[in-house]
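Chains as they are written, first to last, in my numbering: chain X, 25 to 361; chain H, 25 to 361; chain G, 25 to 361; chain P, 25 to 361.
Since the list gives no way to pick out one identical chain from another, each pair is judged satisfied if it fits inside one copy or across any two copies.
Distance condition first, Cα-Cα at most 20 Å in a straight line; then the derived EDC-like pairs of lysine to aspartate or glutamate:
1) K142 <-> E172
2) K223 <-> E196
3) K223 <-> D193
4) K94 <-> E59
5) K300 <-> E84
6) K300 <-> D73
7) K223 <-> D203
8) K300 <-> E78
9) K339 <-> E84
10) K142 <-> D111
To be clear, the hints were calculated from the coordinates, so they are not data collected in a lab.
Bear in mind that the values here come from a model prediction, so they are computed numbers and not experimental data.
Number of protein chains: 4
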Amino acid sequence: MIIVMRAHASSAQIEHVTSRIDALGFEVHLSQGAERTIIGVIGDERPLDRAMFEVMDGVERTISILPPYKLASREWRPEGSVIPVGDGAVGGPRLAMIAGPCSVESRGQLLEIAHAVKEAGATMLRGGAFKPRSSPYTFQGLGVEGLELLAEAREATGLPIVTEVMAPDKVELVAEFADVLQIGARNMQNYPLLQAVGKTRMPVLLKRGMMSTIEELLMSAEYILAGGNYQVMLCERGIRTFETYTRNTTDINAIAALKQLSHLPVIGDPSHSTGKWPLVIPVARAMVATGVDGLMVEVHHDPEHALSDGAQSLKPERFAALVQETRRIAEAVGRAV
Amino acid sequence: MIIVMRAHASSAQIEHVTSRIDALGFEVHLSQGAERTIIGVIGDERPLDRAMFEVMDGVERTISILPPYKLASREWRPEGSVIPVGDGAVGGPRLAMIAGPCSVESRGQLLEIAHAVKEAGATMLRGGAFKPRSSPYTFQGLGVEGLELLAEAREATGLPIVTEVMAPDKVELVAEFADVLQIGARNMQNYPLLQAVGKTRMPVLLKRGMMSTIEELLMSAEYILAGGNYQVMLCERGIRTFETYTRNTTDINAIAALKQLSHLPVIGDPSHSTGKWPLVIPVARAMVATGVDGLMVEVHHDPEHALSDGAQSLKPERFAALVQETRRIAEAVGRAV
Amino acid sequence: MIIVMRAHASSAQIEHVTSRIDALGFEVHLSQGAERTIIGVIGDERPLDRAMFEVMDGVERTISILPPYKLASREWRPEGSVIPVGDGAVGGPRLAMIAGPCSVESRGQLLEIAHAVKEAGATMLRGGAFKPRSSPYTFQGLGVEGLELLAEAREATGLPIVTEVMAPDKVELVAEFADVLQIGARNMQNYPLLQAVGKTRMPVLLKRGMMSTIEELLMSAEYILAGGNYQVMLCERGIRTFETYTRNTTDINAIAALKQLSHLPVIGDPSHSTGKWPLVIPVARAMVATGVDGLMVEVHHDPEHALSDGAQSLKPERFAALVQETRRIAEAVGRAV
Amino acid sequence: MIIVMRAHASSAQIEHVTSRIDALGFEVHLSQGAERTIIGVIGDERPLDRAMFEVMDGVERTISILPPYKLASREWRPEGSVIPVGDGAVGGPRLAMIAGPCSVESRGQLLEIAHAVKEAGATMLRGGAFKPRSSPYTFQGLGVEGLELLAEAREATGLPIVTEVMAPDKVELVAEFADVLQIGARNMQNYPLLQAVGKTRMPVLLKRGMMSTIEELLMSAEYILAGGNYQVMLCERGIRTFETYTRNTTDINAIAALKQLSHLPVIGDPSHSTGKWPLVIPVARAMVATGVDGLMVEVHHDPEHALSDGAQSLKPERFAALVQETRRIAEAVGRAV
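Pulled out of the complex, with its shape left as it was, chain X reads as follows:
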């Protein structure tokens, strides 16, 4: 950590800061600049709260030097992590293609879509049984019945299941049915939930909060890793910006940055990151071109009658086109679909 003193900080103020650093067991490194004195704090600063220095008289601001995450960083593990799921793996040369409806609505709906996406090239099935909905007046998901239907669809198609868990006291239940536990964007900083999935040894798909930074996403991953569960995939699903034409703004930079900063696999979700089905395929191509390890796409055989998120769902034939188009891009970057 670096502590920048105000322009005319007194030597007593500087002395006060350095003696506190000393008392905390860190080494002090003093540097007298042209207009400011700068104090370096030597040691692993991660457990330190910078705020305690910011309140001291004469301190202008503090600056972190080390990234606050450790286990999630590529420094910690230079080679990329590969996470086995079902017969396949996420993070290897072949991209994961996760597809399915936003919500599990009925047995018929789920099985029809599951077979269709399998046919088109999907390698995993997604579907929500517990749904975070912004209105209390809309469909909230089928709950346990939805989980059972997902298990039946896996049985029928062989596709591993990705489904969301929304509360720490439901982790055990969802883990019974799912192959991958999804943490939704609104729960990216639900720490009791992160701790609960950190205690399992199941693959976790951690979605970036719509207004969370890249660093915060990696810190949320760190929570799970620090719990001993190393099976974490990150998911870019768009961030909230001033632009309103699209539901979210796909942060394509973040995909490139995450691959450089972290060893964890990165999944792109072009359905949520655009919110409009006509944009899903071009943005899916972009994600693959940038280097994602997989895609997660909402597919519905009858979006006009979908109970949620129809506007961003592809029909199965459009999903088949997506697979074709992204396959060509994947090959152009040395990967496979």
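Dock chains H, G and P against the given chain X, drawing on the hints supplied.
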């Protein structure tokens, strides 16, 4: 709801939309504009998912007409709600002054601060026993022990207690000790948690998510109200923007807007909304001038040794100055502190 | 335009609104909903100021139906525009590859880079003679001398020149030397400048403001088109968001959306949209995969000694790699580099 | 400046960085941390381009220590600047109350409003003769005729005139008529314009760009100050965020921060910062409570027929109420209206 058709939508496409509206039990209102056909959907649109229309051929976009919240709206309840807490109330002529440390750290710390804020004019005591921390390596709160200390501080000072609950399975526990259940910004869209506090009949202080719109805040309040708990206070605690000089951007417009859109009391949190103690007092004055029903302020007797959020904590004497300064503003707007 | 009345608007208030619409020569279309009356304004609403209705008693809000731009829309011109520049064209099957230094610094620097980018596959040369710099204490560009050097570099390499013009009274001067007039992001809404380039018949590369919406970008293009100059290329160069790891956030959605909303060619600028050279190549691949009509890339042979923007500049050999990698992507989407 | 090296930077890489610092005439200060080497650059870093270091091998990132502005800082001039305008001054104990229409529309309109705002307590008259409009199809201002009408209104009321200048080649013309030159939000980074007004010795009201940080606003002020014109007032007029209920988000934190960071007076513009007239008065109160040196408010006697921005304009009687209400707040903070 309004459905805007594309420029050259065919009559078959229009017919398809209108027959679907009809089938859903709504009335259709067709309007042929200069370049677009517009279809009105007459009826209570709140349970409808606009997305199901957005996927239909020929549809350009859909527009909501009704606000998605109902019980939280001032239309529903024109006079402001007043929520009794302890011997006082929130929403009446006298402002609530909620003060205390970010985290409960020890018996000595809490009692010292509790007495100091009471002395300076606080009407409630805040303090975190369960803390959402972005790093797994920092202090996570004292848990149940913290709740017990808060109860002891209430005993000693007579100040009602505001404290955060982070998971649905902890609501019962926290409710045993607290006078007001706080939902933190990161949990504003934690729906299982909203449903759990909606089942209690305790006052809830709902903080706006740093990434959430005014409408989304009101929808989260709606979740609690729809559960039958009408004791909800809203809290503006700053939003995330491109500006980095301050930790968050105080959305002062939102305070004025919430007072017009909703009957629920609004609390301002200038500590989090600025993130820097030298800005807390001027922004607290602004909040009172705009019309908040109370303030929530972080106070610590020794911020240099605080275990969290020291940089935005006021020392007790600064908090006393805040009370004096905001009192003058409150009087200028016909309220009292 | 749609005018939504408040819940209990009186018939006198409704009558007042409709008589004003009538007086303005538009047709009124009244619709009585479940909780609100809605008034449709039939006719070309583009010259109307919605604000005049928003101040009327009983009005809740107004909603535009027509996009505010016309000449820039794909409705106006369904096939894509192709803009001839030098011997080539922008908007056809072959992508424009615009490369060169941020600033023209010297004859030696410019010629070395010009030859290098030509060699690597560039089809146009970029370079700033007039530079918008956020500090008055840093290099402001060589001005006219820079323009002369650009002309010399065109002579030497055959590459057409793209360079920025910053003030209306400099358009004539820059137009003498340039093949394409660039409007920088900070000037996207400099209307006297847009009007001035609208009076020329030269190709214009219009960069999106870093906090401007897709619609505002198209409205700025509309200014130029309305002046009679149809040679406009749009440029996505990243927007400002809360994310600070990257200098800007590449809005990849916007590229896909602009290709659907408008007939104008779209250029991607991965140098500014990321601000970090290690991210330039993966994001350039993404842009091509999405469907841009060209790329604009900063290249410097010695970025350690560049007078501006070195951090996002590629060395010539990295630019050559970019050309190779994007060529494979271009082929995968049926285009050529 | 601080240069942070990557975790395993080689000594040759470190040596390369330090020798470059040395060659630039700065002193090097090396500090070996737990996981990173940090290099301090001692001297006035303002003319340095950090980017030149960011491209060097082994460099992770660079951090500025000094604020990039100097003349605009309170360090440079600890006491606040007071700027004489007409018979009054901005920055003293009495607040400037600048009011008038968005656009000058006609002689009758302007004189009626000028007399009304004078009556209500305004101390300056605002009105646009040259208008930046986002659509080429809407009213663009009366130009020179508007300036002449403003001069006539000053004659009639004694109120000094604030009006916008949009292009460097129009500064001389506008300066003939105006008392204060306004730089609009969209031109905050129009550097040729900043340089042009920097050459005059007239008061300048510099509006913050809706996408600009506090630091960028101060850097734009620095451009004018560096030109030798010290008569600069800053204006907070709202920033663009994800919130769409209001047109902009009033950054009340910025007002408090600017008063601490800079000696320049700060004006608040609650009309643009909210975009909705029912929010103007509460937000005006907030601005005064925070510590602005003046307010700028749009007033129109007939907003239903205003040619621009009617939705945020107050009628004269509402403006009179604003003056009354803010007077009480001003007194509560030791100022006068």
